Amino acid sequence: MADIGGYGPIIIATMWAETGITLLFVALRLYTRIRINRTVGWDDYLISLASIMMIPYSAACTLAAMQGLGRHSSELSLNQFMQATRYIVIGQTFSLVGIAASKASVAAFLLRITIHQWHKWSLYILIFIVTGSCFVCGLFDYIRCDPIESIWNFFIPGKCWMDAEGFTTLSAVVGGISAAADFILAILPWFILWNLQMKRKDKNLIASSMSLGFFAGVCGIIRTTTVERIFTGDDYSYETVGLILWSSTELTVTILTATIPTLRPLYKQLFLHQPGHSYRLNPVQKSPSNFNFSPYVPSKYQTSSSVSAGATTHSRTDSDRSDKSIINHGAPPAEGSIVCTDVVYVEFEERHNPATPDLERWSKRHAQLWEIV
1 MADIGGYGPI
11 IIATMWAETG
21 ITLLFVALRL
31 YTRIRINRTV
41 GWDDYLISLA
51 SIMMIPYSAA
61 CTLAAMQGLG
71 RHSSELSLNQ
81 FMQATRYIVI
91 GQTFSLVGIA
101 ASKASVAAFL
111 LRITIHQWHK
121 WSLYILIFIV
131 TGSCFVCGLF
141 DYIRCDPIES
151 IWNFFIPGKC
161 WMDAEGFTTL
171 SAVVGGISAA
181 ADFILAILPW
191 FILWNLQMKR
201 KDKNLIASSM
211 SLGFFAGVCG
221 IIRTTTVERI
231 FTGDDYSYET
241 VGLILWSSTE
251 LTVTILTATI
261 PTLRPLYKQL
271 FLHQPGHSYR
281 LNPVQKSPSN
291 FNFSPYVPSK
301 YQTSSSVSAG
311 ATTHSRTDSD
321 RSDKSIINHG
331 APPAEGSIVC
341 TDVVYVEFEE
351 RHNPATPDLE
361 RWSKRHAQLW
371 EIV
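So for the sequence shown, the UniProt record's numbering puts the first residue at 1; every next one is plus one.
To be clear, the hints were calculated from the coordinates, so they are not data collected in a lab. Just so you know, these numbers come straight off a predicted model, no measurement behind them. Be aware that a few hints might be false.
Distance condition first, Cα-Cα at most 20 Å in a straight line; then the derived EDC-like pairs of lysine to aspartate or glutamate [stated by the list, open to error]:
hint : residue 1 : residue 2
1    : 159       : 149
2    : 159       : 141
3    : 268       : 163
4    : 159       : 146
Working from the sequences, and respecting the hints, build out all of it.
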């Protein structure tokens with residue numbers, strides 16, 4: 001029987017609203033990546049997993065609210081308190097998976113555009129630490145007591161090798177790691193985009209949108225401060241509200257931070273009436289002897305010739321039709337006729353700068369950047 005009261009309606013309304021927002025933005029992101037950019041990557045899979053985790057998390061907290069979550073423990077029956085605690089434990093598991101997946105998605109997005117090795121290693125280490133800590137915290141929530149039902153059922157005797165104080169410390173450490181990761185992922189894009197060859201306006205737009213992670217970090221700090229009060233207090237069903245709502249908000253903001261920068265092609269297509277497409281750069285040959293300009297020259301400006309039985313046959317395109325018609329290009333020159341000779345000089349200078357990546361590597365990364373954003 002539903003017994004929703006206290007902060008229960010706020011919990012249900014807030015969490016399902018945030019779930020709807022995240023699902024909408026992730027759906028737009030997937031549409032942009034699949035239909036416009038055609039560049040789906042691991043960051044898309046991870047952010048999809050994070051948004052899906054919002055559904056069971058909100059469902060579990062809704063069931064907990066129906067059992068009395070958001071009300072003072074003194075107002076609940078013993079059975080209501082136990083059932084609410086059970087759903088909270090289950091819901092927090094989905095929350096931890098979502099938080100780890102969302103931050104890994106942001107890091108995976110940055111890995112697709114970074115060109116410096118220390119940036120890559122920093123992101124790999126961050127992914128390992130965040131996912132590892134969330135996994136350990138979620139696992140310990142189920143194995144710290146045997147049987148697991150003894151965590152929420154007071155009538156079942158159990159043996160716990162980690163007390164409430166130890167689990168509180170672990171939860172606080174994981175919360176601090178999560179908040180620190182948010183701040184790192186908000187600052188790092190400014191360094192990654194700094195040396196890329198793109199408009200300053202685009203750099204600022206992408207980096208600023210990813211800096212929304214600062215708000216996720218603030219949510220993580222507030223969430224961490226509520227942990228100790230929950231496990232050491234006597235009003236668990238009431239004090240847990242802050243932890244649940246701030247966890248949901250942190251996850252929502254992180255998902256939006258990872259999603260908004262990827263929606264630029266969709267925005268241009270809908271509001272600026274620009275056709276959606278992705279840019280792919282052709283490989284750049286560094287050797288002057290085999291450099292070929294033909295991939296970069298429109299077909300209407302190219303001419304072709306073939307030799308058969310000692311005769312040369314010339315083809316004519318729209319761009320050179322006028323002068324060839326006048327000069328009669330292709331026919332054997334008669335005595336006293338006008339002969340047109342086109343001479344093209346190409347000058348280039350190959351520069352080597354050990355402080356910057358090589359040209360081929362830069363071209364690939366630059367192409368990936370425009371395919372992604």
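Taking the hints in turn, this is what the structure says about them:
1. 159 <-> 149: holds (11 Å)
2. 159 <-> 141: holds (14 Å)
3. 268 <-> 163: violated (54 Å)
4. 159 <-> 146: Holds, at about 5 Å.
Violated hints amount to a single one, hint 3; each of the other numbered hints is respected by the structure.
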